[in-house]
Every structure is written in structure tokens, then in C-alpha cells.
Amino acid sequence: MNSVQVLSTTIIHAPNHNIYGSKVRTIDLTPWDLQYLPFGYSQIGLLYHHTSQLDTKCQIQHLKQSLTYALEFFPPFTDRLNITEHEDNTISCSINCNNQGALFVHAATENISVDNILQPTYLPSIFYSFFPLNKFKNYHGSAQPLLAVQVTELADGIVIACSINHVVVDGTLVWHFINSWAKISKGNFEISKVPSFERWFPNSIQRPIRFHFPLESRDSLFNDQNDVEEKLHVSKSERFFHLSKENIAKLKSKANLEAGTKNISSLQAVFTHVWRSVTRSKNLDPQTEVSFVMDIGVRPRFIPPLQKDYFGNAVIKCVVTIKAGELLEDGGLGRGAWEINKKIALHNDDMLKNQYEKWLITPSFVFTRDDNSLVIGSSPRFDVYGNDFGWGKPVGVRIKEMGRFLCVQVFKKVV
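So in this note's numbering, the last one in the sequence shown is 543, and the numbering has no gaps at all.
Note that these hints are calculated values from the structure, not bench results. Think of the CB as a built atom: it goes at the ideal place given N, C-alpha and C, for glycine as much as any other residue. Hints are not guaranteed to be accurate.
Beta-carbon label-pair distances, calculated as ranges [claimed, not checked]:
{"id": "1", "residue 1": "E318", "residue 2": "T137", "range": "24 to 32 Å"}
{"id": "2", "residue 1": "M479", "residue 2": "Q189", "range": "46 to 54 Å"}
{"id": "3", "residue 1": "S405", "residue 2": "A283", "range": "29 to 37 Å"}
{"id": "4", "residue 1": "A271", "residue 2": "N411", "range": "20 to 28 Å"}
Starting from the given sequences, assemble the full structure and let the hints guide the process.
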């Protein structure tokens, strides 16, 4: 396939950069934010067909203008990280509210259609060229934009690809931003929830949080990781599956029957079905431990709950581990789903606060896991397919792969 040619780059600033008071120049970060420092940017691509002969230049200019308006509601996306090294070999990291700007890239590729991306069994390699800030990790946000958008012209459509620094926001706010930008693009200049930028800290926490992070070796360490990922990329493929409502209902019914309960959700049953399928394909020894990893949103789990418009990361990792044989044997669907259900239920107010405080003593970071881990990303609760910028809803949504471990992204498509 043809290569992608960059036609122009623009830095876009927030027109009214005001973070809950004009005197505030930094936003301190929580362990939920800091855990993502060595991880890659969140990268989301939306594909659109041209429904008519649109003036591409006007279309690109309109997207730039509407993005400018959107950034007025989400000004931290135009900022940079501030990483400070301290004498005790710790660092601290905050958002420097300096409005240095988000990156907007206009690109094009010849003779590539939307169907060339969506119809192949496996995602074509050119898809990765649609994203800006490839290979950068979140800690690079001290020098790189925290938000970059690349709009790539196709033969019969466009791709809007966003790269967003995961230290700044989680998936809930990523999609709230994209949803809001799309509505503004269509002329609705009011957003459903105005973000609240104040992070949650227990009263006794000293800010900014200081923690150990190997700055002197991070670049060589993570460059080695990138080299490994590039070598593995040749043999790694990505594929998208669509599960019907009827099949999901059957999985849920079977899982609850096997576990002797009625509490397993449709999503937990689907997760376990995928987990079992991946594990079966590896032909592992029955005694080998396999792990299932997912994000759990914490906003509603605190007492009192965090604000729904809380701007930042409000997720923690939930890890379920079981022996491969137990997962794959008869009744394994119910057993695996029930283990997921029980582990999620443990995440109450007390547990979340304990994990928060534990991180302060022993920081841990999102990086890579072993080859026997299945990582689940995104959520069917996100409004993924409703983002109409003025020329119809996306015909496809794709997430750029997330490292060398196996990652599954889950979306709900309303037909």
C-alpha cells in the first residue's frame, strides 16, 4: 500500500486557558495518573466515508477551528508535563499549565480507500501511519504535545486519529473529549459535562507526590522495548470480531448456569470467552498460570463518589489469575467469569484507598506483562460510534495496538 504524506502541521492553542482559576499554573498528579508514565499514548482512529463531494480544504480547516473551540473546555490538552528530579533520587510529575499547544497534522495517501482498511481480515500495516507521536511514551509529554490529531485524506473518506497522553486522562475523558469535539463541529457549542480539573488526594498526602522512577536509564530501557516490539510486529496481527446480541446472551446464560449464580454480566461472560479462546490457542501446560487484566473505573466506587466530570485518570488495574487447565476444562466459562466477578466486587472504598496509599510506598507502573496475560482495554459504555463531525457517523473505529502483550479492545456498536 501507498505511504502517508504529511501535508502540514499546526500547533493549536486553547483560546481561553483557565484552569479553575487564572493563578493556577500546575496540576498535581495522582498515582492513578503516574502509573502510566512509561506506557504509550492512547491512540484512537475513526474512519469516515465521504457522503458527497466535500471540499477537503474546507473540511480540514473546519476541523481545526472546531478543535480550537473544544480545547477551550479541555485546556490541559494544550499543556506539557513537568518532571522534576529531586536530591533524594525521586522525581515528581505535574501538568504545567503553559498552553504550549496541541498538534494538528494534515496528511494524505493516494489510492487507499476506507474499505482497504476495514475489509481485510487483518488490519493493514499502513493503518499505523495514520497516528502522530508514534513510539513516544507518556513521560515524553514534558517535550511533546499531550494531544496530537492527524487527519488523513483517503480516496473516499478520511481518518481522524488522536494520540492522547494517558497520564492526563483515562478512557472516559478521552471519549468525552472526542464526543464533545464532534458536537462542536456540528454547531453545538455546549458540552454535556464541563470537566472538573482538580485531582483527588487524601488530606494527608503531600503534593506533588515524589516517587522513584529511573530517569537515567528510562530511554535506553524503553528504546530496547521498542526494538523488541518492532521485531515482533512482523509476526503480530490484529483482527476485529463482531459478536451478535444473541450469541452474547447465550454466553451469559451458560456462564451463570455453570457458576450457579445470576450475577455474571454479559460483559464478564464475553471477557471469559475471549480469555479461554486465547489461552486454548497457546497449548499451555494445564498447570501454567494465566492472567486476565482489565481497568476498573473508580469514580462511583468511592464514598462519596468522585464527580462524573472528574478530569484525569480514575482507573486501577484488576488482575485475575487462574491455571490454564481450570479455565479450559468443562465449566471453565462459568469459573473464569465468576472469578472476574468476585475480583471486581472487592474494589470498594476501603480497598481503593488502601491501594492508593500502597502506591505511595511502592510505586508500580503500567508496562508490559508476560506472554500469558490477556489485557482488556476500553469499554462498551463509551460512545464510540456516535461521533458525527458533520458528515455522518464513523464506519469504523480502530485502536492502535498497545505493546507486545495481547490486548483486546471492547466496543459496543449500535446498529
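query = Falls inside 29 to 37 Å, the C-beta gap from S405 to A283?
reply = holds (35 Å)
query = Does the Cβ-Cβ separation between A271 and N411 fall within 20 to 28 Å?
reply = violated (44 Å)
ask   = Lying within 46 to 54 Å: is that true of the beta-carbon distance M479 to Q189?
value = Hint holds: Cβ distance 49 Å, inside 46 to 54 Å.
ask   = Holds or violated: 24 to 32 Å for the Cβ distance of E318 and T137?
value = holds (30 Å)
Hint 4 from the earlier list is the only one contradicted by this structure; the remaining hints agree with it.
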